[in-house]
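The primary structure of each chain is shown beneath.
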Amino acid sequence: MTTSSITLPDGAPEEVVTHALVRDVDLSAFGFNGNLALITLDNGQDHNRPNTFGAKSLASLDAAITDALSRKPVAIAITGKPFIFAAGADLSALAFLSKREQSLAIGKLGHDVFRRLGEIDVPTFAFINGLALGGGLEAGLHCTYRTVATTAFTGLPEVFLGLVPGWGGATLLPKLIGPERAVQVIILNALNNNTMMKAKDALALGVADAVFEPADFLERSIAFAAKVLSGDKKIERPDYSNDPAWESALAKGKAAAHKKYGGADIAAPTRALKLIADARTATRSSGFDAEDVALADLVMTDALRSSLYAFNLIQKKRKKVEGAPKPALGRKVAKVGVVGAGLMASQLALVMVRNLKCPVVMTDLDQARVDKGVAWVHGELAKLVEKKRMSAETAGRLTGLVTGSVDQKVFATADFVIEAIFEELSLKQELFKNLEKIVTPECVIATNTSSLSVEAMTQGLEHPERVIGFHFFNPVAIMPLLEIARTTKTDDATTATAVFVGKELKKTMVITKDSPGFVVNRLLTRFMGEVTDAMDEGTPADVADNAMRSVGLPMSPFELLGLVGPGVALHVAETLHKNLGPRYRISPTMQRLVKENVKAFYIKNEDGGYIPNPAAVALIEKGTSPSTGEQVRMRALNALAEEARMMLDEGVVSTPAEIDICMLLGAGWPMILGGILPYLDREGVSEAVCGKRFHEKGVASLP
Amino acid sequence: MSHSVVVVDAVRTPFGKSGSLYAGTRADDLMVRVVRGLLERNPKLSPADIDDVAIAAATQTGDQGMNLGRSVALLAGLPVTVPGYSIDRWCAGALTAVTTISGSIALGAYDFAIAGGVEHMGNHPIGDGLDPNPRYLAEKIVEQDALAMGATAERLHDRFPTLTKERADRYALNSQMKTAAAYAAGKIQRDLIPTAARSVELGWAIATVDEPPRPSTTLEGLAGLKTPFRPAGRVTAGNSSGINDGATAAILANEEKARALGLTVKARLVSFAFAGVEPEIMGYGPVPATIKALAKAGLSIGDIGLFEINEAFAVQVLAFLEHFGIADDAANVNPFGGAIAVGHPLASSGVRLILNLARSFEDHPEVRYGMTTMCIGLGMGGTVIWENPHFNGSTKAGK
Chain X
1 MTTSSITLPD
11 GAPEEVVTHA
21 LVRDVDLSAF
31 GFNGNLALIT
41 LDNGQDHNRP
51 NTFGAKSLAS
61 LDAAITDALS
71 RKPVAIAITG
81 KPFIFAAGAD
91 LSALAFLSKR
101 EQSLAIGKLG
111 HDVFRRLGEI
121 DVPTFAFING
131 LALGGGLEAG
141 LHCTYRTVAT
151 TAFTGLPEVF
161 LGLVPGWGGA
171 TLLPKLIGPE
181 RAVQVIILNA
191 LNNNTMMKAK
201 DALALGVADA
211 VFEPADFLER
221 SIAFAAKVLS
231 GDKKIERPDY
241 SNDPAWESAL
251 AKGKAAAHKK
261 YGGADIAAPT
271 RALKLIADAR
281 TATRSSGFDA
291 EDVALADLVM
301 TDALRSSLYA
311 FNLIQKKRKK
321 VEGAPKPALG
331 RKVAKVGVVG
341 AGLMASQLAL
351 VMVRNLKCPV
361 VMTDLDQARV
371 DKGVAWVHGE
381 LAKLVEKKRM
391 SAETAGRLTG
401 LVTGSVDQKV
411 FATADFVIEA
421 IFEELSLKQE
431 LFKNLEKIVT
441 PECVIATNTS
451 SLSVEAMTQG
461 LEHPERVIGF
471 HFFNPVAIMP
481 LLEIARTTKT
491 DDATTATAVF
501 VGKELKKTMV
511 ITKDSPGFVV
521 NRLLTRFMGE
531 VTDAMDEGTP
541 ADVADNAMRS
551 VGLPMSPFEL
561 LGLVGPGVAL
571 HVAETLHKNL
581 GPRYRISPTM
591 QRLVKENVKA
601 FYIKNEDGGY
611 IPNPAAVALI
621 EKGTSPSTGE
631 QVRMRALNAL
641 AEEARMMLDE
651 GVVSTPAEID
661 ICMLLGAGWP
671 MILGGILPYL
681 DREGVSEAVC
691 GKRFHEKGVA
701 SLP
Chain S
1 MSHSVVVVDA
11 VRTPFGKSGS
21 LYAGTRADDL
31 MVRVVRGLLE
41 RNPKLSPADI
51 DDVAIAAATQ
61 TGDQGMNLGR
71 SVALLAGLPV
81 TVPGYSIDRW
91 CAGALTAVTT
101 ISGSIALGAY
111 DFAIAGGVEH
121 MGNHPIGDGL
131 DPNPRYLAEK
141 IVEQDALAMG
151 ATAERLHDRF
161 PTLTKERADR
171 YALNSQMKTA
181 AAYAAGKIQR
191 DLIPTAARSV
201 ELGWAIATVD
211 EPPRPSTTLE
221 GLAGLKTPFR
231 PAGRVTAGNS
241 SGINDGATAA
251 ILANEEKARA
261 LGLTVKARLV
271 SFAFAGVEPE
281 IMGYGPVPAT
291 IKALAKAGLS
301 IGDIGLFEIN
311 EAFAVQVLAF
321 LEHFGIADDA
331 ANVNPFGGAI
341 AVGHPLASSG
351 VRLILNLARS
361 FEDHPEVRYG
371 MTTMCIGLGM
381 GGTVIWENPH
391 FNGSTKAGK
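Protein sequence lines correspond, in order, to chains X and S.
Following my numbering, the numbering of the first sequence begins with 1 at its first residue and continues without gaps.
Following my numbering, the numbering of the second sequence begins with 1 at its first residue and continues without gaps.
FYI, nobody ran anything at the bench for these hints, they're computed from the structure.
Treat the hints with care, as some may be off.
[As the list claims (entries may be wrong)] Mimicking DSSO-like on lysine-lysine, the simulated pairs with C-alpha atoms at most 27 Å apart in a straight line are:
1) X:Lys-506 - X:Lys-433
2) X:Lys-332 - X:Lys-409
3) X:Lys-383 - X:Lys-506
4) S:Lys-140 - X:Lys-227
5) X:Lys-233 - S:Lys-44
6) X:Lys-316 - X:Lys-252
7) X:Lys-234 - S:Lys-44
8) X:Lys-578 - X:Lys-604
9) X:Lys-198 - X:Lys-409
10) S:Lys-187 - X:Lys-227
11) X:Lys-372 - X:Lys-599
12) X:Lys-316 - X:Lys-335
[Said to hold, decoys possible] Taking beta-carbon pairs under 8 Å as the criterion, some of the chain S residues facing chain X (in silico):
13) Leu-75
14) Gln-189
15) Pro-194
16) Ala-196
17) Val-200
18) Thr-208
Note that the structure is predicted; figures quoted are calculated from it, not measured.
Where is the CB? At the ideal position from N, CA and C, for every residue including glycine.
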């Protein structure tokens with residue numbers, strides 16, 4: 001082994017070394033004669049800093065395996081520190097790799113060390129006592145047998161990050177559990193928001209050979225090892241090389257990747273699927289070599305660097321809200337009012353009661369609407385009980401907290417009132433004037449408006465300082481972003497209270513200036529406007545819509561339009577047109593769609609696929625200056641760059657990172673784009689349009 | 001309405017030296033491990049049928065707090081319907097858990113229960129956090145010596161001049177040798193529950209044997225040890241138990257119900273007694289406690305064929321043996337050695353005595369009665385008399 005050849009690149013943080021420590025376990029107490037060499041992975045820190053594998057950690061494991069072997073054990077086992085097995089490769093160093101050879105060397109080093117666990121001439125066991133992700137789980141996959149604690153989550157999130165399981169996982173897992181289940185773990189789980197396996201899933205999938213409770217996990221795992229060694233316990237390993245499901249499994253993985261990235265062929269899932277396919281016949285050595293190449297190729301891409309940037313950004317922004325006042329300034333929220341009982345308002349009521357667990361009262365114009373809204377919330381709580389995601393007791397408690405009324409006087413004792421009525425400024429102004437007569441002077445009045453001016457709503461109010469924008473994304477329970485819009489008058493106590501509520505709702509928050517469309521809708525609408533504009537000019541609808549496919553957005557522009565609804569989209573476009581200027585186009589096609597009540601450009605056909613909706617196609621404006629797909633793509637990207645730069649110049653948000661987090665979490669744009677600005681930087685769009693990049697080189701790109 | 005009370009099974013963790021084996025392990029985790037190991041060994045007993053869990057600790061704060069009995073039951077994964085309580089009589093904690101649970105079984109209130117004890121003396125040094133009432137000394141309720149256990153042992157030497165340091169050292173050596181022999185014969189390991197112990201520096205260990213025994217002990221070595229409790233004293237680290245971490249647990253049952261389930265029966269309760277003495281000579285406690293327990297059983301010392309006496313200090317065992325006219329090196333006293341060799345994690349030791357006695361009963365079907373006894377801080381002793389269920393003799397004494 002020559003681990004010394006790997007030196008950390010300049011600027012990389014010092015590796016937190018995971019030490020591999022060896023001790024002998026006398027198996028005679030477990031009914032087997034001989035010693036097992038037990039390797040513990042422990043970086044000496046608590047579970048908030050999981051074990052990871054950098055170059056020094058791998059060297060430590062390598063030395064531990066050598067030490068273990070020198071003890072002439074009957075078996076070698078590897079386990080972790082409390083709650084953690086190992087969380088994978090040390091990602092902090094990855095972002096600093098500047099040469100392909102370095103990346104290749106890291107991949108090879110991992111293989112060289114891990115493969116010993118599978119190739120030495122004593123049986124090896126992984127006792128996965130806690131979290132095992134990526135390289136952590138791969139270390140376990142090299143072992144002959146695996147036990148998993150009932151509370152341990154495991155998974156291979158590499159493809160989610162833009163990598164492949166390149167320390168043996170992509171080759172070993174298909175051989176171990178077959179193509180279908182390997183595609184499930186490596187591709188489907190990873191692309192499904194990085195879904196991890198619970199212990200029972202790991203057992204059912206064949207990743208784990210046995211599952212034990214955490215209270216005496218290690219002791220029972222050793223007892224299991226003794227039984228395997230004595231032959232009392234036999235573990236079958238089927239040969240999957242002639243499994244009939246190879247092709248269908250790979251096709252399923254490819255379809256999932258296309259769905260995730262709007263039809264684009266994205267490198268990470270493509271490379272991972274190739275490795276899985278090769279695993280059918282590849283030797284371990286050839287498989288591992290191919291993994292090294294795939295890993296090095298991917299590590300040296302801007303997409304991976306953007307992805308790592310996005311991953312870190314999401315972790316960071318979840319904890320810290322940029323520009324938030326001191327939490328101590330916030331007021332207690334013990335009762336919430338929701339104005340409106342429509343679908344959006346009902347979703348707000350549900351998310352509020354689930355997280356704040358305080359009385360939530362809904363109002364609307366008449367009793368029937370109120371009853372419908374309250375019944376919907378109660379029904380959703382009941383569904384959670386049916387799905388065993390909530391106890392009947394908790395649902396009972398929460399159901400009792402949600403009430404409705406046609407009389408807004410019920411808001412007199414509320415601390416936080418949020419409105420989700422029709423998007424019409426005059427209606428909201430009138431509502432706020434009425435509310436002010438009812439609520440206390442400290443009560444926060446929030447609006448879920450997506451594009452109107454919050455400040456305009458405060459006109460004539462005695463206490464405009466307690467009004468704030470509180471903009472959710474649909475579906476409210478799932479989308480993690482909350483845009484909090486401060487007007488020039490909003491005070492710190494109100495903002496702090498809003499941030500407190502957002503934290504309780506477990507949202508990632510971005511505080512924006514009160515500016516039309518805030519961040520997400522402003523960018524999305526501008527982007528959509530360019531695409532519809534191109535169509536209205538005569539670009540065939542499918543050319544315009546498919547122009548963005550290669551980017552990797554989860555939905556094409558018109559798919560998104562179908563989800564939002566032409567009515568809402570047009571309404572937002574009109575508001576932004578009025579407030580931000582004519583670069584926000586009003587599409588005549590869209591106007592016709594709304595007028596004729598045509599909901600979408602695509603409809604479902606008999607076999608479940610989507611086909612163009614003839615009713616929509618018939619309404620398309622017939623322009624005479626068509627563009628090519630590439631022209632449409634550039635036009636839309638240019639618009640995004642221009643608009644983003646304007647937002648930063650106007651101070652809508654203060655940093656490019658805030659725009660990126662908004663697009664990642666509010667629009668669901670993929671991590672490989674870094675949100676959006678790293679993508680615009682690497683495509684040269686930023687410099688062409690704005691004369692400069694958004695992020696310095698190396699922040700979210702190759703150095 | 002008295003019901004016959006039996007020991008179904010008893011186990012313990014390997015004992016550790018404080019600051020060593022279990023330095024990175026919580027006391028409640030040791031206790032949980034023992035309870036789970038005990039139940040795993042006795043699959044015929046459904047955990048839901050356990051009527052109570054009594055767990056002793058001499059210090060009931062931190063990882064030995066939160067009502068250990070209940071807390072351990074929950075952490076061990078027993079059904080929530082199984083209750084638990086914590087109990088304290090310092091060194092006789094587990095012994096008192098056993099007698100208290102036995103009382104409830106004899107009364108018919110319980111059918112099956114767990115009694116045990118734990119002491120992590122590394123996490124909870126003896127006397128830690130205590131706040132003795134100033135009246136103790138101001139009003140001479142006790143003398144200063146009564147509050148330091150080593151000093152009470154010196155006082156016992158003072159009280160009985162024939163109990164020399166040389167006898168104490170010889171007794172201690174014998175305890176080490178008996179333990180070494182018992183280990184060699186595999187008599188001890190079988191009741192140890194392998195226990196995982198974390199060390200950040202060394203990695204996980206799986207403890208399968210006691211850490212404290214020193215089989216290489218010699219009389220010369222013992223003779224040269226310091227006497228930390230007074231200058232020119234007689235009590236040394238070599239003729240005392242150590243500072244240890246460990247946990248023990250036993251299943252106690254109504255005999256009829258145990259037999260109906262097909263559970264093992266390892267010992268049958270005959271009588272028990274606790275008695276007080278002057279706190280300055282707390283080590284003398286087993287004498288009056290034994291006299292009382294024998295009287296209640298209608299037995300005499302001659303009826304007892306096997307003794308398990310806790311070796312807090314060699315002198316305290318010698319005082320007991322001398323009183324009852326038993327030889328210092330009697331083979332039927334602590335046949336597997338005692339606390340001087342394996343350690344004395346305070347409140348846990350009572351059940352260790354019982355599990356040793358139960359094993360000796362198997363080895364000696366000709367013996368009908370045995371006894372577990374120990375001294376207790378602040379001047380007490382506790383004795384429990386047991387009947388051997390394997391007894392095959394016909395005489396009442398059955399020695």
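Outcome of the hint check:
| no. | hint | result |
| --- | --- | --- |
| 1 | X:Lys-506 - X:Lys-433 | 31 Å, violated |
| 2 | X:Lys-332 - X:Lys-409 | 20 Å, holds |
| 3 | X:Lys-383 - X:Lys-506 | 21 Å, holds |
| 4 | S:Lys-140 - X:Lys-227 | 62 Å, violated |
| 5 | X:Lys-233 - S:Lys-44 | 23 Å, holds |
| 6 | X:Lys-316 - X:Lys-252 | 34 Å, violated |
| 7 | X:Lys-234 - S:Lys-44 | 26 Å, holds |
| 8 | X:Lys-578 - X:Lys-604 | 35 Å, violated |
| 9 | X:Lys-198 - X:Lys-409 | 48 Å, violated |
| 10 | S:Lys-187 - X:Lys-227 | 23 Å, holds |
| 11 | X:Lys-372 - X:Lys-599 | 24 Å, holds |
| 12 | X:Lys-316 - X:Lys-335 | 30 Å, violated |
| 13 | Leu-75 | 7 Å, holds |
| 14 | Gln-189 | 7 Å, holds |
| 15 | Pro-194 | 5 Å, holds |
| 16 | Ala-196 | 4 Å, holds |
| 17 | Val-200 | 5 Å, holds |
| 18 | Thr-208 | 4 Å, holds |
Violation of the numbered hints given earlier is confined to hints 1, 4, 6, 8, 9, 12; the remaining hints are satisfied by the structure.
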